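Visitor: Start from chain Y and add chains X and V according to the hints.
Chains as they are written, first to last, in this note's numbering: chain Y, 1 to 291; chain X, 292 to 602; chain V, 603 to 836.
Any given hint could turn out to be false.
Okay, the calculated beta carbon distance ranges per label pair [to be verified]: (1) X/E358 with Y/G27: 48 to 58 Å; (2) Y/S42 with V/A833: 23 to 33 Å; (3) X/P294 with Y/R17: 42 to 52 Å.
FYI, nobody ran anything at the bench for these hints, they're computed from the structure.
Predicted, not measured: the structure shown is a model, and the values here were computed from it.
Just so it is clear, CB atoms sit at the ideal spot from N, CA and C, and this is done for glycine as well.
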Amino acid sequence: MWTLIQIELFKIFRRPRTYIAFAAITGLIGIIQFGLKLDGDSYVEFMMRDITSSITVEGKVLNGYQVCYICLQVLLVHVPLLIALVAADMISGEANMGTLRIMLTKPISRTKFLLAKFTATVAYTLMLLVWLAILALFVNMILFGTDDLFLLKSEYVVLLKKDDIFWRYVWAFGFAALAMITVASLGFLFSLFAENSIGPIVATMSVIIFFTILSTLNIPVFNKIKPFLFTTHMIGWKEFFDIKVNSNNEAIIGSIQNPQKIINSALVLLLHIVGFVGASIWIFKKKDVLS
Amino acid sequence: MQPIVTVTGLTKQFKNITAVQDLSFSVNEGDVYGFLGQNGAGKSTTIRMLLTLIEPTNGSIEIFGKELHAHRNEILSEIGAVIEKPDVYKYLSAYENLKLFARLSNVKVTEQKLMEQLDKVGLAHRAKDTVKTFSQGMKQRLGIAIALVHDPRLIILDEPTNGLDPQGIADIRNLILHLSRDLKKTVIVSSHLLSEIEQVATRMLIIDKGKKIIEGNAADLFDPAQTIVELQTFDNAYALQQLQLSGWANHLQTRRDTAVLIKLDRQLIPKLHRDLVDMDIQVLSLQPRHSLEDYFLQVTSGNQHVDTYTN
Amino acid sequence: MRRRIISLLLTINFSLLTYVTHAQDMTALVMKVKTKLDQVNDYEADGKMKTDVSFIKAPVGKVKVYFKKPNKFRLKKDGGISLLPKGGVSVNLNSVFATSDFVALAAGEAVVDGIKTKIVKLLPTNENSEIVLSTVYIDETNLLIRKSVTTTKENGTYEIDMSYGQFAQYGLPDKVVFSFNTKDYKLPKGITLEFDDNEKKQTDAEKIKNRKGKVEITYTNYVINKGVPDAVFK
Numbered sequence: 001m002w003t004l005i006q007i008e009l010f011k012i013f014r015r016p017r018t019y020i021a022f023a024a025i026t027g028l029i030g031i032i033q034f035g036l037k038l039d040g041d042s043y044v045e046f047m048m049r050d051i052t053s054s055i056t057v058e059g060k061v062l063n064g065y066q067v068c069y070i071c072l073q074v075l076l077v078h079v080p081l082l083i084a085l086v087a088a089d090m091i092s093g094e095a096n097m098g099t100l101r102i103m104l105t106k107p108i109s110r111t112k113f114l115l116a117k118f119t120a121t122v123a124y125t126l127m128l129l130v131w132l133a134i135l136a137l138f139v140n141m142i143l144f145g146t147d148d149l150f151l152l153k154s155e156y157v158v159l160l161k162k163d164d165i166f167w168r169y170v171w172a173f174g175f176a177a178l179a180m181i182t183v184a185s186l187g188f189l190f191s192l193f194a195e196n197s198i199g200p201i202v203a204t205m206s207v208i209i210f211f212t213i214l215s216t217l218n219i220p221v222f223n224k225i226k227p228f229l230f231t232t233h234m235i236g237w238k239e240f241f242d243i244k245v246n247s248n249n250e251a252i253i254g255s256i257q258n259p260q261k262i263i264n265s266a267l268v269l270l271l272h273i274v275g276f277v278g279a280s281i282w283i284f285k286k287k288d289v290l291s
Numbered sequence: 292m293q294p295i296v297t298v299t300g301l302t303k304q305f306k307n308i309t310a311v312q313d314l315s316f317s318v319n320e321g322d323v324y325g326f327l328g329q330n331g332a333g334k335s336t337t338i339r340m341l342l343t344l345i346e347p348t349n350g351s352i353e354i355f356g357k358e359l360h361a362h363r364n365e366i367l368s369e370i371g372a373v374i375e376k377p378d379v380y381k382y383l384s385a386y387e388n389l390k391l392f393a394r395l396s397n398v399k400v401t402e403q404k405l406m407e408q409l410d411k412v413g414l415a416h417r418a419k420d421t422v423k424t425f426s427q428g429m430k431q432r433l434g435i436a437i438a439l440v441h442d443p444r445l446i447i448l449d450e451p452t453n454g455l456d457p458q459g460i461a462d463i464r465n466l467i468l469h470l471s472r473d474l475k476k477t478v479i480v481s482s483h484l485l486s487e488i489e490q491v492a493t494r495m496l497i498i499d500k501g502k503k504i505i506e507g508n509a510a511d512l513f514d515p516a517q518t519i520v521e522l523q524t525f526d527n528a529y530a531l532q533q534l535q536l537s538g539w540a541n542h543l544q545t546r547r548d549t550a551v552l553i554k555l556d557r558q559l560i561p562k563l564h565r566d567l568v569d570m571d572i573q574v575l576s577l578q579p580r581h582s583l584e585d586y587f588l589q590v591t592s593g594n595q596h597v598d599t600y601t602n
Numbered sequence: 603m604r605r606r607i608i609s610l611l612l613t614i615n616f617s618l619l620t621y622v623t624h625a626q627d628m629t630a631l632v633m634k635v636k637t638k639l640d641q642v643n644d645y646e647a648d649g650k651m652k653t654d655v656s657f658i659k660a661p662v663g664k665v666k667v668y669f670k671k672p673n674k675f676r677l678k679k680d681g682g683i684s685l686l687p688k689g690g691v692s693v694n695l696n697s698v699f700a701t702s703d704f705v706a707l708a709a710g711e712a713v714v715d716g717i718k719t720k721i722v723k724l725l726p727t728n729e730n731s732e733i734v735l736s737t738v739y740i741d742e743t744n745l746l747i748r749k750s751v752t753t754t755k756e757n758g759t760y761e762i763d764m765s766y767g768q769f770a771q772y773g774l775p776d777k778v779v780f781s782f783n784t785k786d787y788k789l790p791k792g793i794t795l796e797f798d799d800n801e802k803k804q805t806d807a808e809k810i811k812n813r814k815g816k817v818e819i820t821y822t823n824y825v826i827n828k829g830v831p832d833a834v835f836k
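One chain only, chain Y, in its complex shape (with noise of 0.2 Å):
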């Protein structure tokens, strides 16, 4: 089993196309730290022209802590097209190269081989988020310094103290990877069904795109619904970041607003991966190979 997921991941790492992902991560938080440290300014003013009407904020807005929330909100919605990118292309593309048919003619079994790849793709996934990690927090913390994160809410404004941040992010990062292996697993699931990679890529992006928009719209007959879309959870590192109140209104350091939500969406998306890849064994299993 180690054999093939070494073999996997050599496979993974060897495709040009593995590294769009990361060069696409690189470029975008490039661009936003030139965007943030060049104008900031004003990109803070534009993000708070809805609060300041009410508070004064002053003190380091912007600082690396806040730059990271920036680059994850912008970014985590986006990732899972990456994702998908090389998760959809796992057996469709060994499919249509013809390699597959190869493969299974190896003396090893079709889960196992199902296994390594799905493990391979989770290790991609969550590579792809340690760089992200890299380049969105650390970058940024040693860009931008370190400080207090003012974050608005839809009902609120949150802040957190600069010594309260980072086991969150860390947790956050954690949950994400969660949620990215969700989507991993939804390609995977895709590529089973065809001999080409574009199709599966192209149907996860949809669905994800499908029911982030299902998630996003406030419409009454859709909020229904919503609790069942995995899209709706997998914005569930932001929870992280909500801190509670006590009687007096004051924040308690350390502590987080809603943590039984926290584990309800983990536990939707865990439950996603584990119907995802069983369904993908299942299917696999009595698959007839005709690439």
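Guide: Only chains X and V this time, still in chain Y's reference frame:
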């Protein structure tokens, strides 16, 4: 000789298409087993069932005396295959491809052994180049190196000459002979061209529309003294019935809806003619096939009527 | 700007004493308070600032406060970000007091935090003044301002409560609470990219709504008349 592959009643149904129907054959140890049929005759489906790529709807497959499904990994570890196009990872080098597949076959390989293998197929000098830059023939040779790297007992080549130039085709032919004669391997090779098979095959199976047409020793099928006569009558069923009751029963080959095939010595044709008249079989045509090639083309042309045939 | 809000708290103490002259009976009291406060030339204090606004979730932050006569004031946060109400801050009491005359009226007595106080109403005579009315509660015995309520034209009414402890002799409060009216705050979900169900949240928000906004500073340590460099106020 031991049958190394025994296929019984193999059927594969794809939705409403029957790709392979009630196919039975056996391959003996040491055979070069030619598997002939038009494109779409069911060769690839059959071969893929042998390699567990496709699950049969019905029937059984035994390889090395063991049921395929139950002993899948054990059996597959002793099979090497090239299926249609030689497909390898284009972004990897020849060496990396070979190493990767060798590892998947659970073979402990040294760099030296891999290079030797590449050298055998004439790719040693290109070992470090990515496959992207390879010609079709080179890819095919790499595919063969991959199929052979774990020293399998049974080698399955599905349309190995597809897309190759004459030199490439000749190379494949020599390779098959080398595998069979020098290395004593059993080889199953499929093709839609008889000419490629007839020079190497020891046994042969011809299928059409998923059904077996004929199976036999190549020596018998190619016997110049023997010929196959195709008989068409007003009532083929009646003709068949009569012939089965007559002394010609042993000569009868596969029955088809529109014709009856009779294999016989050329000199016996006049006698057959007389007997048909005696049996009151109303003959529409009685045509000898001069060679297996003719016959193969005829049975697999998709045209069930032979009256257009002229030679 | 945060300098202004706090200076506002203080300028009330100082300025009103200077200019409230019309209500004779109150002037004496006011002057006494002023004299008491005058003994402080400068100070430096550590404090904890708490922002209690319905739509703000913020932890308690450490601040450093500097003062120098006549009205230099600076609130510094030890790094970090501070959130201060806009309403109170936009009123520049300094200028109002400097240019206008006030009528100081005695308005009875009241008990603030269990302490008997005299109520003094300050009415600006200038029609353009931002302040409409300011009510000051003075603890006559200790000569301390316990509370003030100011109504402005643009920014509603705000209230300042002061409690005193070990620095009462200098007229310096241990705790200052600045209360004001908060406006509603809401952002479209599209902007915050949140798409969770909002039912739950509303009850959450409801809980903390309908409350007055407050900024509370608790001073822990005053260093008085030891000199504060001017550079601090820049």
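Visitor: Look at each hint and say if it fits the structure.
Guide: Hints and how they fare:
1. X/E358 with Y/G27: 48 to 58 Å: holds (55 Å)
2. Y/S42 with V/A833: 23 to 33 Å: holds (30 Å)
3. X/P294 with Y/R17: 42 to 52 Å: Given about 46 Å between the Cβ atoms, the range holds.
Of the numbered hints listed earlier, not one is contradicted by the structure.
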